[in-house]
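Make the full structure from the sequences, and use the hints.
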Amino acid sequence: MIDMDKFVVIVLCHCRPNDTTTPATLRSCNYTGDIILLLDDEDATIDEYRKNYPEYRIEVYSKDEAMKVYDSMDNLGDKRCAIYARNSCFDVAEKYGYKYFCQMDDDYTTIPYRYIENDKLYRNNYSKLDEVFKAYLEFMEINENIGSVAFAEPGDFVGGVGSNLNKKQYLHKCMGSWMCFVSRRLRFQGTMNDDVNTYSLGGSRGQLFYTFPFIMIDTPATQSVKGGMTEIYEGRGTYTKTFYTIMCCPSFVSVDMFGDRHYRIHHKFKWQNAHPMLISGDFKK
Amino acid sequence: MSLFEVDKKTAMGDDTKYSRAIRTPQYVPSKECPPIESLFDYEKYSKLLYNINNSSVSEEEKKFLRLAASRHIIFNYSKIADYYAHADKEMQELMEQSALVILDIDDAIANGYVKLSSKMKQLVEESKALKESISDD
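First to last, the sequence lines map onto chains A and B. All letters in the first sequence, in the order written, are residues 1 to 285 by my numbering. All letters in the second sequence, in the order written, are residues 1001 to 1137 by my numbering.
Treat the hints loosely; a few may be bogus.
Said to hold, decoys possible - What the simulated footprint calls covered on chain A by chain B, stretch by stretch (three residues with Cβ under 8 Å from a Cβ of chain B suffice, anywhere in the stretch; the number is not a length):
#1 118-127
#2 130-143
#3 165-171
#4 198-211
#5 244-257
#6 271-280
Hints are computed from structural coordinates only; laboratory data are not their basis. All residues carry an ideal CB built from backbone N, CA and C; glycine is no exception.
Structure, rendered in structure tokens:
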């Protein structure tokens, strides 16, 4: 039985004290539960966050301490990466007695339902997030192999009703809104592509990760808002980013070109080789 | 596999029709048992092992490199699931321990997904009604 008093949304923040839209978006989508803004201790704008968001708990973690524990998969020493915050979420949730949390980035503008009618894809912003979070957590509660589930992202619907997500109704990945159980700790790693590294490596070892098409997080165009991870992606590009996942899983990840007219380097999965299949227990002898 | 596979692709493919009939996330194993050698491809692994074995690095380093080379073995998980369905009890248990398949005991995940889909459908219908009532006002 899921106890929603033990659930919190943790928003990963960095140097955007005037552009952190996610908390207000959550409230506008009828989320009434707790929200924590997670900052690192090297953020020069912590006081501005405290001033701008007095209604939320502001939690600050030590980046130097986190760097001693988590694997950046390189020796660059670049602190501008998300793994320290992503991994610290588990500690923060545990510290305050939560059992589950949803980890979100700080720039979400709407969280609409997505649905099909008359063979067309629609959106509806009147979402009831309290109930959605509970339904997703109840699904996760079923099996401890489920590492995380996530809301869809706009890119998952490219192709509209014919998108891969709409046709399959689930993808074996998580991005941007990780629903987590504190007791099922995930290990985010890699200076770049940490989310992909996590679901690809975990998935290859039998953890289950799902994105479903029912609801979506809306964000500004990638790397259009300053702060967060924008500068590191602008500096090194997606070519370098892709290779972090290849280092994790060289047997099923390769470099690919991605896009429509304007192509960019991206990772490509051979899904057949990426993760074990979920099969009915009826096949067990 | 090659690290560079640069194909242009279209998002729609050849399928433009959509139906949201619930598809559970279970794989259904084939009635045919595949030959065990079809479950994996170790061509790159073999090449790496050859180079490691013929190198002058220390035995300790070779041991590490051999283990690391196993990351390049390509496993075909659908065929592995097919094989599992036909394997004897002991083999099945060893495959489970290695997470080569994930068992959905009592179809709990599949049923959970159906329940989640139904709940989300209900929430969407409620939101559509709410939107219409606000538009009417």
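How the hints compare with the structure:
no.	hint	result
1	118-127	holds (count 5)
2	130-143	holds (count 8)
3	165-171	holds (count 5)
4	198-211	holds (count 4)
5	244-257	holds (count 9)
6	271-280	holds (count 9)
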